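J.: The whole structure should be built from the sequences, with the hints applied where relevant.
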Amino acid sequence: MIDSASLLAVLPELILTAGGLILMLIAAYGGDATARVVNWLSVLTLAVAGVALSCSLAHGPLAFDGLVRADAFSVFAKALIYAAAAGAILLAPRYFIVGGALRPEYPVLILFSSIGMGMMVSAGDMLTLYVGLEMQSLAAYVLASFMRQDERSSEAGLKYFVLGSLASGILLYGTALLYGFTGSTSFDGIAVALGDGVGKGELFGLVFVLAGLAFKISAVPFHMWTPDVYEGAPTPVTTFFASAPKVAAMGLTVRVAIEALGPAGLDWQQIVIFVALASILFGAVAAIGQSNIKRLMAYSSINNVGFALIGLATGTPAGVAATMSYMAIYVVMTIGAFACILQMRDAQGRPVETIASLAGLSRSRKGLAAALAIFMFSMAGIPPLFGFWAKFLVFDAAVAAGLTALAAFGIAASVIGAFYYLKIIKTMYFDEPAEAYEARGGAVENIILTACAAVIVFGYLLNPALDKASAAAAASLF
Amino acid sequence: MDGFPILSLMMAVPMAGAIACLYAGASQARLIALVATLVDLALGVILWINFDQSAGAAQWQFQEYAPIFGRFAWALGIDGIALVLIALTVFLMPICIGASWLAIEKRVGEYMAAFLFMEVLMIGVFTAQDLYLFYIMFEAGLIPMYLIIGIWGGADRIYASYKFFLYTLLGSVLMLIAMMWMVHEAGTTDIPTLMAYHFDPKIQTWLFLAFFASFAVKMPMWPVHTWLPDAHVQAPTAGSVILAGVLLKMGGYGFIRFSLPMFPEASAQLAPLVWGLSMVAVVYTSLVALVQSDMKKLIAYSSVAHMAIVTVGLFAFNQAGIEGAMMVMLGHGLVSGALFLCVGVIYDRLHTREIARYGGLSINMPKYAVLFLLFTMASVGLPGTSNFVGEFLSLMGIYQASSWVALVCTTGIILGAAYMLYLYRRIAYGEQKNADAAAMPDLSGREMWLLAPIAAAVLWMGVYPESFLSPMRSDIRALEARIASAAPAGDSRIKMGAVVPAAEAHHTEEATAHGEAH
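From first to last, the protein sequence lines are chains S and U. Sequence positions in the first sequence follow this note's numbering and run 22 to 499. Sequence positions in the second sequence follow this note's numbering and run 130 to 647.
To be clear, the hints were calculated from the coordinates, so they are not data collected in a lab. There may be inaccurate statements among the hints.
Below, simulated BS3-like cross-link-like pairs (lysine-lysine); rule was C-alpha separation at most 25 Å, straight line [said to hold, decoys possible]:
1. 235/U with 387/S
2. 426/U with 292/U
3. 235/U with 444/S
4. 387/S with 444/S
5. 235/U with 331/U
6. 292/U with 444/S
7. 292/U with 235/U
8. 562/U with 426/U
Computed from a predicted model, the values in this text were never measured in an experiment.
T.: Now the structure itself:
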């Protein structure tokens, strides 16, 4: 039954759908000349959808008979997703102009992907989950191969598609098993059925579902696609992949784990702990040998997902709040870092991706080097930068939940990760200058860069607000 | 002074200076940094004067509290122990800036900014009254020091900077986990409250070890000291001064502020471990120092040996030992800083730290030779200099706890005399075998201004240590009372003789002598 309350609950999605369709028509009739207009209009659409988030809470959490949920959790995640998507759109034009691929389809695809991500984080049923996930992924496959004349980009798109379909298949199989053994596809129904003990079939279903989700958040051992796709995809697309879909997939994983699989907490806890530690360690060790900054960021994202999962592994409201805060801080760091990476252009304006080319950046582009150094120290979790607080929150939740050994091991492994972040700072500050980059960055890039850096440096002042929002988001799941 | 946020101001001044330096040219940056550090020194003097040392004074003074960070607060406040360490910091900082005046030619603005930021963090460490605020200040110091070593350091600076960073980071992260546990257990991040909280002795051992991992690396204690010689050798002169002068003291401060009062039972239980490591450090690193051919490395190893005297004094569990440890920290902060400056003076002229390249400097650099001799003697622990007071008190304290430890550590003093005098002989005495070393000019006015204040302070501390002991006394007494119940029984079994009136004593002596004669 479709009622007005339900429609109000999905108002942000409706706005995005309408906006996306209209902008697609503009793009189809206006051609590539409309690219800039469509860019700004799509950011506007995201902003309007973000404002509409506040209306979506008006009529209680359940909409469409429980298929969709509009609660504090989905609002928190969607706000992050929309902000990250807007960042990825704003950062793109300068990159695509040089590559000759400034097309209006890029922001439109991101809008469609955002609809899917919104559905993911507000899913209340395995079917909504799947539809949302596929909607997000389909747009993402196209985005990965957006520079279709570029061999690497096409390869990235194909790889992402093949492996992504495999993961979707695994997830669907898990869903089918869960449905078969619990008799329900709704999260609440599954939770009720799991409440009387977890059978073998249900356990299998749980494992397959988690495996499919682990692929989407690129956690070890389902991370293999990440470095290749991140490296091959155009850098603005990589920015997008590393930020918004990560939040969506993490939000989805948290929701499924707590709402649907909550009664089987002890069963998935050990899986999540393993995946978290493996991601932290592998992400850190494998990043050390990288010479391409985008590949390095891919491993860094694997590493970060591991830390975020530690919050989930606790299974407590504080842990979930920590995971969501982690993702919020991670998104700011990632967008900021990519805003720096996008400015790595040689004198002709062509993008450069090697870490070696950063050598001596602190002398040719002081501000850029300082900003990237701030993001790297922050990702390494060094106080007083805000990235430390992200790690602090998840480890604090783990200690509060009695998982002290996990926290101790995880934080010790973070020192390994610090090494490769330091390597970038060393290259920029200690090494003799390499060939200089283009002398100036774009205005939009610099504004985003400065804003992100300001959040990372002064972030502690946001603590009370962040604590409140993430606690409310977590409370709505329990 | 009531209510005036002087501690915040002391951090705000260098912070503002640091930001200004980033945008200033080379000569302006030097001036900004000097002014900022001198203003901080003046504030430090005001702080000392206004610190209430009377018997009934509050333990924590100049407290500030602003709960602006959600789970933790901007909570500052100092006791006498923090006061003297802050004084050491603000005293050494202008000297560091002066030492870098000419030696640093490239990227001056960034250099000065890094130093001023470092000063903010050091003052933050000593004033923080919130556990997490302390951790943030403690850890954040890695960033400027990493950059100082890595950008302005010597030939092998990159290796040294990585080693410094990763070593100390690994040491500290486990402490963070322990802090989280403590906060959940005690329900507060307030350091004074935690200092009085009684943790379960079984858990204390784990907590102590986690804190120990951090402070032992920072201190540094044998066998986790290996980052220090590398960092010292590669760091620029002023970097070495601040590293030896203040950063190492953070480890000792950590022991005195956290390990001892928060985990007294575990401290007593693991005191033999600390003693053992310290004994090894005193003897082993002194011997290593004896064979160094690099001046900075020699002084770096001597720092490890001196810090071992600090840990021994701290874990003596009595007032003499802890007071001695504090005095060694202060004295070593001044003396090792001064020694690094002395090395810097001749390094700036000849650009080598190789001891064999010098010789007979007392002939062409008499003023230098006098000051260098003073600091050498202070490092040896000659009575009348700062280190004597501290070393004597520390060893006296540990003698009450364990006479064997005292015995072994005292040999360290003798070995200390050996390597320092040997160093001095090779540099200042003997014939002038190197023509370029013989042609070096004596101290310039600027260099005199750097070394003379330290020399004055060293003598002051040696002749009238009461000025430095009196602010700390009541705090150390409180600490002793806190850990008294757990203190290990000493093996020396000192029996204090009953106080007898002089006349009677004379009579008794006479009687004994009389009896013996019979």
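J.: Are the Cα atoms of residue 292/U and residue 235/U separated by 25 Å or less?
T.: holds, 24 Å
J.: Residue 235/U and residue 444/S were given as a pair; does the straight-line alpha-carbon distance stay at or below 25 Å?
T.: holds, 22 Å
J.: Given the hint that residue 562/U pairs with residue 426/U, does the C-alpha gap stay at or below 25 Å?
T.: With a Cα-Cα distance of about 23 Å, the restraint between residue 562/U and residue 426/U holds, given a limit of 25 Å.
J.: Below or equal to 25 Å on CA atoms is what counts here, so check residue 387/S against residue 444/S.
T.: Given pair residue 387/S, residue 444/S holds - Cα atoms ~18 Å apart, limit 25 Å.
J.: Regarding the pair residue 235/U and residue 331/U, is the alpha-carbon distance no greater than 25 Å?
T.: violated, 53 Å
J.: Straight-line Cα separation of residue 426/U and residue 292/U no greater than 25 Å?
T.: holds, 16 Å
J.: Is the straight-line distance between the alpha-carbon of residue 235/U and that of residue 387/S 25 Å or less?
T.: holds, 14 Å
J.: Take a quick look at whether residue 292/U and residue 444/S sit within 25 Å of each other, Cα to Cα.
T.: Holds, at roughly 12 Å.
Checked against the numbered hints given earlier, the structure breaks only hint 5 and satisfies all the rest.
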